[in-house]
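Line by line, the protein sequences are chains F and D.
For the first sequence, UniProt numbering begins at 1 and goes up steadily by one.
For the second sequence, UniProt numbering begins at 1 and goes up steadily by one.
Hint data in this document are derived by calculation from the structure and do not stem from the laboratory.
Incorrect hints may have been included.
[Said to hold, decoys possible] Cβ-to-Cβ under 8 Å is the rule here; a few derived chain D residues that face chain F:
id	residue
1	G46
2	P49
3	T85
4	I258
5	A262
6	E275
7	A278
8	A279
Note that CB positions come from ideal geometry on N, CA and C, so glycine has one too.
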Amino acid sequence: MNDARSSLARRSFLIATGATALAFTAACGTGTTTPDAKNAAAGTPKQGGRLRAAFAGGGASETLDPHAANLFVDAARAKALFDKLADFGADLAAVPRLAEKWEPNEALDTWRITLRKAAFHDGKPVTAEDILYSYRRIADPKGTFRAKASLEPIDLDASRAIDASTVEFKLKRPYAEFPNILAAFGAYIVPKDASAFDKPIGSGPFSFVSFKPGSSLVVKRNDAYWEGAPHLDELEFVVASEESARVSALLGGQVEYAHELDPATARTHEGKGKIDIVRLPGSAMQGFVMKTDRPPFNDPRVRQAFFLIADRKELVDGALSGAGEVGNDLFGKGYEYYPAGLPQRTQDLDKARALLKEAGAEGLKVTLDTAPAATGFVEAAGIFKEQAAKAGITVEVKVGNKDTYWKDILSSGTFASYRSGAMPIESHISQRLLTGSTTNATKWQQKDFDDLYQQAQSTRDATQRGALYERMQRRLYDEGGFLIWGFADWIIATAPKVHGVSKQAPANTLDWARFDKIWLA
Amino acid sequence: MARVTPHLPWIGRRLLLGLGQTAAVVLFIFALTEALPGDAAVALAGDQPDPARIARIREAMGLDRPAAERLMDWVGGLLQGDLGTSLVSGRPVTGYLTAGLGPTLLLAAATLTLLIPLSLGLGVLAARREGGRLDRTVSALTLAAHAVPEFAIGVLLATLFGLWLGWLPPTAVGADPFTEPAVLILPAVVLLSRPVCTISRLVRAGMIDAMASPYVAQARRYGVSGARVTWAHALPNAFAPATQQLARTCDWLLSGVIVVEALFVIPGLGTVLIEAVAARDLPVVQGMAVVFGAVTVAVNLAADLAARRFAPRSEVAA
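Okay, chain D solo, but in the shape it has when bound (with noise of 0.2 Å):
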């Protein structure tokens, strides 16, 4: 198959460049943190803002130090390995992350899971059938679902699967999610609603470009069959570009599926980014930032990766 020879200076360029993004991305929400209104000892003071409370709470948090020193500090021990501890409990932010991480994971996964052979499927069925009725429904449906916001449309399964019809459980209230894996069912389809339109229709159009491409009239006219050419020849080709929306989704997955989070109450990394805001606690936001920030990074060279595998002539590696 395919050869994977000189992709070692290109994928070291890539993690040089993708440690680069972290670091960035962890100074830039350091500052942004920082330029908040209020931190951590005005936020925990809460509704009772006696200014010498906050003051002292201040001083116990180690807030009256310059922001520099405090960087550094962290910076000190993330190279060691070590991402802190909280502002406000004064556990360590691992803690906070792999409690968040399970949740956020087993929802990304279960998700995904679903996401890949359904739109592979949606798209493919659709450009085969290019211009009929199939294909003209699985566009206007696509459109339309995309154009619901998570919110509403984790609302209305909620009220109807959880509610009227009470076949699942409306929301992950106090749930194990490793346990009660039915809990998960309405969030993964929520978050499928969105990202199966556009990549099904990335495929369709994929596909489409690819049908009509000379190697797959060649591979026609030597006689290979039509479901091998849809499989094994067009849709490598077209599922290319969807893999860099796939690499997004994922990206999307883990930090933005917020709403999703707060609707059915699932407490992970999203919720636990939410609250450490709201919280200014710096330390747990800034060990999310970089977990994010390497995420992003990792999955993003393996989309360049299985882009370059799929479709190595249309070099659509960056």
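One chain only, chain F, in its complex shape (with noise of 0.2 Å):
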């Protein structure tokens, strides 16, 4: 297995290198093609080949245990490995996968489940009790996996196997949205028993080959996949947690595709021909949080200055290389249920005084707790300082530890960077906005708009439940804690033969790292 590793190690570099000098050729001759045109252009899948993908990872304790995924890069190897029963589509709108269908009963707190016939790769079929298993597996009350929060509403112990291929949810309370729990990142299916996943079976498009922990992951493809074999032979995974390392490696023709740019590589490269920059717009939300349950935000007279202090074109342009694109003060901008009607906010100095004179609040001094825990975070907070102090308001920027930033702002402090990656809007206000949400980092506990969200998932009718949302979200844009100034682009760049890369989906959706659906040219 060694030999046949390191043989194809050598031959993918050949190939690597002898199809860069293509792809020059190729750009000279083509000239005018923009990237876009190339990949959007519907093409005939080609058959074969091995691609190597670079994302930043884990390094040596990496897993391939699914429900332990925390990272992109866990992310894209378990949905090569494995599926879930929905993922989201790019309006983060769970769409069926595993399961082939769902439907409520009329109090929408029991969910029938009918499985597609779908194989792990040992040739089993994907059954209800693989289902059940799964899930119990990852909400096991001494179990610490990331979806355990998100399969909360179900009630496990009273849910049950109709057949092998009809599952029964019980929730403990009504829950329209369902389908996104299903969808929830981490929630794949494994087969029934499953505990080890040094060599894992999974239902997915790929099939284990080797696993280097910290350095490489090699799959191939599955010909029986459900939803037809991927195009591609083979699948590399390859780890480099530097940014420059993972261009120098999609330039120099040792990888085909490097998952997540700086902006401002993006626009060195982008255009030159040597690679292809793909934009997924919507991928993640950048904001501040002000604690609404303290001073000086727990005047919403005070939040609502601090909405009018921020120039979102400026922080776009300056924290994101002007890479996405300006917020709206709430989550989720292109959503499913999004309030696109709304004003779009703006710079007003003005009213911002007038509005902390009001709250008695001039000479307001905060802290801004930021840390360079995502791209963006320092630079937004230094230029949210300089727009604050136009109105008055001296912002000191305190730069804290990036492995424990997101516990040291949940409870503590007033006023820091936050950002988040896509994720329904639904799901963001129940893990982040009701009373008893357990990352509640805005301390947004307002029992009214407990009752609309518990009103909202008794709602059978869409458009009625998409109005309730509304009035949430408006209650949110007038006062709430989120200061969301701008949506940044996921940057990913390829190697130009490199076809099928979705341009829409979302980091974290069904289209985005799909590798079953891409090919070599």
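With the hints as a guide, dock the two chains, each given alone in a separate frame, to form the complex.
If you want it as structure tokens, here you go:
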């Protein structure tokens, strides 16, 4: 096995070098072809080849246990090897995957899932028992898997397998958005009784070949995949935590796909023909959290003043090098149930000053906690400090420890940098904005808001539910604790011969890192 | 040649001292890691810092036990040759070490293989033409090269030879250095760039001193040829101070090459250590501390032995 691997590695090195040479001539010949047009052109997918994809990784501690997924690279690997019952479309609405369909009862507290015909890599069919086993493993009271919080609404003791391809989930309360759980990050389906994942068996489009933690995972095409076999023969995930290394590897032909680039790097190489830059919009919400339960932000007028201080365009241009779009203090721009009709908020320093005066908060001093925990955090903090100074507010930027940042700001401090990956608006609300939410960083705890949420979850009709979501979001827009100034693009780069990369899917949704749909020309 | 007689008590003292040093390093690292903000549970929870979940992770990892108890457990295991298991992955720490050691040793060996002849050659060359154009050029070049940080040299070389000229792989992403040694050339050159400057300057200074010394003059009077005087008589004396620097370079190569490993994506010990610290994966950090401590002690012991052998009268050994 070792020999096979190394000879494969040598071969792909040669192929990659040859391809780079070709790419140069191709770029010279076509000249005006933009990367976008080229990728969008519906060419016939070509079979075969091996693609190497570089991700930022988790180091030598990486595991292939799909339920332990925490990082993007974990999610991408798990997606290649495993399936979920559902996944998120580009608008973050749940799309059926292993579940062929789902039907709720009248009260929305019992859901019947019908499975499609699918098989694990060892040939065994995916059955209702596998589903229940996987969910029970995630939800184990002693366990610590990430999706456990998402699965909380399910009463797994009362849930059962009706037959081999039907599962009935009993819920603890009505939950209209139940399919979001099926698509939750890390809610992968593993074979019944699986507990070791050294050589994982899943039902995904690729099957396991070899794994070196912190370095490389090789998988090969699963010809029996229920959705049709992938185009690639083989796929290798390699790990390079330095962004510059991922770009060099791509430019040097050592990999064909590089995940997560800096906006500045992307701009340097965009349109030069050597590599294609793919920007996935709406992937990362960027903002600040104001703790609404303590001074100075327990006064809604101060929060409103802060909303009016932010020059969003300047923040996007400065902290994200322009790679993104401005936010409107609400999560999930472009997603299902997002109230696009609300007016775009802009900087209004006079009004901000008036509000601060009214609240008796003139000459306010605030500490802004930040850390290099995400792209643009420290830069954005610096820019906001300047903007706030214009309204007479002194912002003291405190740069903290990036490894413990999220815990540090959850309950301490008053004002902090924040970001979030893509998730449905409903999940954002339930995880962060209800009185009992586990990661309520704004300390937004409002009884009537909780009630609106519960009411939405007991509402069958999607239009009526949408109206309830709009009411909740209007409330947050007026006086919430999230100052959301932008949505960063997620930037991916590929070799020009790579086709079929989705340009719409926010990071973490179904079509992101979907290597079974990618082919090499 | 030189007599290697009553060194044993001295070696014994050095070994004991080394053991003590290693133990101190381990305790020190344990205390430092404990003092870091947050623990493995917090680091693992990442951007989902649900307090209940952190508490559960902490319990599952045994982090809720007192620090002294965890340290005792670990030392107990260590005495039986057990380095423990990673908090994050549950895999044995020895696995981490062996995985990281291979690439790092390979890189260090490649660097040293080039470093020793190169810096000796340069130093001797410069010393023989003391004050001449060659000497001045070598001095200027080594000073200039020494002033550039590894990161900058690395980026420059990777861009030039990896991307513009396309002669060498710009990174070691996904490659196995044992089957594709080409990926090690650029990192080795980067690693070489600074030690070659310091060591060649030390050799040059030592050579100039030695060449001016009475015993060299005596050897010349006896009619010993110039080359023989240089290589067999002067160089060993000049090399004694350089061996100490070489030992320091060895330590540095094993534990201090983090920048180069990160830049070229070599999954070596430096990378493993950085990631373990970021994850607050205490057993892995401690295991590496033991290994680094032991290696440092062994390498310095070897250097002292070598220095004594090259120049028995200079009494360089501690």
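Here is how each hint holds up against the structure:
no.	hint	in the structure
1	G46	6 Å, holds
2	P49	4 Å, holds
3	T85	11 Å, violated
4	I258	11 Å, violated
5	A262	5 Å, holds
6	E275	3 Å, holds
7	A278	5 Å, holds
8	A279	6 Å, holds
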